[in-house]
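Relying on the hints, combine the two individually framed chains into one complex.
As a plain string of letters, each chain reads:
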Amino acid sequence: EADIYQTPRYLVIGTGKKITLECSQTMGHDKMYWYQQDPGMELHLIHYSYGVNSTEKGDLSSESTVSRIRTEHFPLTLESARPSHTSQYLCASRQDGTEAFFGQGTRLTVV
Amino acid sequence: DQQVKQNSPSLSVQEGRISILNCDYTNSMFDYFLWYKKYPAEGPTFLISISSIKDKNEDGRFTVFLNKSAKHLSLHIVPSQPGDSAVYFCAASKDDYKLSFGAGTTVTVRA
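So the sequences go chain by chain: A and B.
Reminder that position 61 of the first sequence reads as 61 in my numbering, one-by-one numbering, no gaps.
Reminder that position 34 of the second sequence reads as 34 in my numbering, one-by-one numbering, no gaps.
If we strip away everything but chain B, and leave its shape as in the complex, we get (with noise of 0.2 Å):
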């Protein structure tokens, strides 16, 4: 049973534009949430995470939001470089034990 939702498997997006990247989850228990960058043949690296005490996180380029109350949270990068396309992934825990995934959302930037 999957927990946590990425719907958009891709996502292609000018250079300089706005990404925005969509992550839904079921367990109304996590209290934390994180996304992920990774690119091919490698580990994922951290980008950014929220508390579920929080609606809004923001560093640098990247800005997540969370709605508790719609489940749903989404990740901005404004502007997109093409150094951004890879594969991003959001996770979310419970009471700080293991950490669960969605499928990912491959981003391509176009020069």
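Just chain A, same shape as in the assembly (with noise of 0.2 Å):
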């Protein structure tokens, strides 16, 4: 079973608000990896790192940042967020050439 955590599952949140998505976990792995998902659309890499103080931007540009000041530990930060920015995002971790484990998701929803 993957030990992997998000928080929090849901959020409503308000146009203008800084929001921070949690992610952790306690694998060890050095590859983490910022997903973000809309209904019958692909996975959309935003944000990734392979190790503590590496972040780099993904395939899919996004206004939010990323931080890796600890292996466990991967937040992703919105410093405004917006109705565009409605949609799930998944955060994953992966240690080398094995498969990427998936937390549950952030599902979240900006008005």
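Everything labelled a hint here was simulated from the structure, so no lab data went into it.
Wrong hints could be hidden among the right ones.
Claimed, not checked - Derived lysine-lysine pairs resembling BS3-like cross-links, with alpha carbons at most 30 Å apart:
hint, chain 1, residue 1, chain 2, residue 2
1, A, Lys57, A, Lys17
2, B, Lys68, B, Lys94
3, B, Lys56, A, Lys57
4, B, Lys68, B, Lys54
5, B, Lys98, B, Lys68
6, B, Lys56, B, Lys68
7, B, Lys54, B, Lys98
8, B, Lys71, B, Lys56
9, B, Lys98, A, Lys57
10, A, Lys18, B, Lys5
11, B, Lys71, B, Lys94
12, B, Lys5, B, Lys71
13, B, Lys94, B, Lys56
14, B, Lys54, A, Lys18
15, A, Lys17, B, Lys68
What follows is the structure, given as structure tokens:
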């Protein structure tokens, strides 16, 4: 069973608010990822990290930012939420040569 | 530029019959392929994977086939069960880095 956790599971927030989506894993994986997914669409990679103090932007442009100060923690922050940010955000971690494990996701709604 | 494509958005199959899901990719450098299953409002869960050095991998009711020359892989589920109703995503990676996902195929298993 995967030990990767995301909080909150659901979030409804007003336009202009700052939010942080939490992601933690206890497997000691170096590689961590944030994906964004809308119904009927592929998972779009928005950020990834290959270890502490390593962060890169993914294939899909995003106004969010991430940090990786500790191996187990990879939070995603939106400084000013907008309705266009409404989506499901999925965090994953991976060790070399294995599958990626996903958290349960955060369903974000910006009103 | 979508490098992993699942051209069938949906599949309906009768319980007990075989489900065949297809996936095509464009990047010949991909060396690791995976299938994930996803329920609404949850994160994807890993099903089965295959390395590019193999052409078949089997795990219980799930078998993945890889045709490198055609840049095509498929997932066979036999027999299909009602609990298999979900969205199935194909994913691929190169040199153990980020995973690229297809848009998913929604499988409905009819009783």
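How the hints compare with the structure:
1. Lys57(A) to Lys17(A): Between Lys57(A) and Lys17(A) the Cα gap is close to 22 Å, so the pair holds against 30 Å.
2. Lys68(B) to Lys94(B): holds, 14 Å
3. Lys56(B) to Lys57(A): violated, 34 Å
4. Lys68(B) to Lys54(B): holds, 9 Å
5. Lys98(B) to Lys68(B): holds, 20 Å
6. Lys56(B) to Lys68(B): holds, 11 Å
7. Lys54(B) to Lys98(B): Within the cut-off at roughly 21 Å; holds.
8. Lys71(B) to Lys56(B): Roughly 14 Å separates the two Cα atoms, so the pair holds.
9. Lys98(B) to Lys57(A): holds, 11 Å
10. Lys18(A) to Lys5(B): This hinted pair is violated, its Cα atoms lying about 35 Å apart.
11. Lys71(B) to Lys94(B): holds, 14 Å
12. Lys5(B) to Lys71(B): Judged against 30 Å, a Cα distance of about 11 Å means the pair holds.
13. Lys94(B) to Lys56(B): holds, 19 Å
14. Lys54(B) to Lys18(A): violated, 47 Å
15. Lys17(A) to Lys68(B): violated, 47 Å
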